[in-house]
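*Asks:* One gets my numbering by counting positions in the sequence shown from 1 and adding 29 to each.
Simulated from the structure, these hints should not be mistaken for lab results.
The beta carbon of each residue, even a glycine, is placed where N, CA and C say it ideally should be.
One or more hints might be untrue.
Claimed, not checked - Cβ-Cβ distance ranges computed for the label pairs, FRET-style:
#, residue 1, residue 2, range
1, Ser108, Leu230, 26 to 32 Å
2, Ser269, Gln141, 36 to 42 Å
3, Ser86, Asn278, 43 to 49 Å
4, Thr91, Ile275, 26 to 32 Å
5, Asn111, Pro184, 42 to 48 Å
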Amino acid sequence: SPYYPFVLPRCPVQILANGVPIYTGLVTDWNLDYDISNEDIMYASCSDQFTVLANQSLNAVTPSAEASGTRINTVLSYSEINYQGARSIDTGSSTLGAYAIAQDTNVLNYLQLVNTSEQGYLFMSANGTLTFKGRSSVLNPVAGATFNTDGTGLPYQTLVNQYGDELLYNYIVTQSPAGAKQTASNTTSIALYQAQQYALLDLLNSTTTEVAGLGNYLLGKYQNPVLRFTGLSTQMAALSTANQNIILNLDMTSICTVVKNFVVGTPATETQTLIVSGISHNITPGSHIVSFVYESTDANAYFVIGDAIFGTLSTTNLLSF
């Protein structure tokens, strides 16, 4: 073919829409469908750069105590990993302890554990950049797009919501090698819904204060069932180029405002500020449907002076601003 000899596994792939990258990854498999009329079709199965990290292992090492983002950079730079892709790594808000990493620990699993200890966001961006954002990056969020059905924002076709016990946790247990298990619970929620336990017992945080703070953060977020908009889809074909580009430039952790309008009843609208946690594109001739998966920002705690999780400024420092 004219592409010979570049039809190879691990060949880089990028998909663009209106010149905007919507996917960057690697070909993991070529599937050739031979046709008796010689109209052969080649299918490329692709994955992002996480597939590389998922197949690498760490040597035994004990890293220094360091911020969560620094730990990610440390791991990516180890000689046995030597990650070659682009990266954008926040410092993060958690301090991770100097805990030994066992021989042959899976790299991707360990990085996900670092992210869990931060309660941040670890993902591959649409342009292929390995990205880590600390939890404070979405405090006091500003929306980059508004979806509505009354003509005042970007239109959507379907809106998915969740109102059940899938995200109901009122008894949280957290632990790291720093010390004993820490528990956080809400008696009112338990009396209403019975105890729903969530445990994170392999955290990397350097102090029990941080470990307990993460438990309280999770409790505040999930102790009561909330009607959550968890996703929507929109058809790009009918939109102006400007509005198409607004949608195409949304990436993981982008902030959206989603408005549901009601014909009758009170309230007339329900508005939620949401974080993009998943994106999919379904592209066929004449149609391009973009679907978003969301998680809520509404229950996230905001800046607290001196708090181990959401701030460390003293009142003196605050007044000096």
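*Asks:* Take the hints in turn and mark each one as holding or not.
*Replies:* So, going through the hints one by one against the coordinates:
1. As the Cβ distance of Ser108 to Leu230 is approximately 31 Å, the hint placing it in 26 to 32 Å holds.
2. In this structure the hint that Ser269 and Gln141 lie 36 to 42 Å apart at CB holds, the actual value being about 39 Å.
3. Between Ser86 and Asn278 the beta carbons are some 36 Å apart, a value that contradicts the proposed interval 43 to 49 Å.
4. Thr91 and Ile275 have their C-beta atoms about 46 Å apart, which leaves the hinted 26 to 32 Å range violated.
5. The hint said 42 to 48 Å for the Cβ distance between Asn111 and Pro184, and at roughly 46 Å that hint holds.
Hints 3 and 4 from the list above are not met by this structure, while the remaining hints are.
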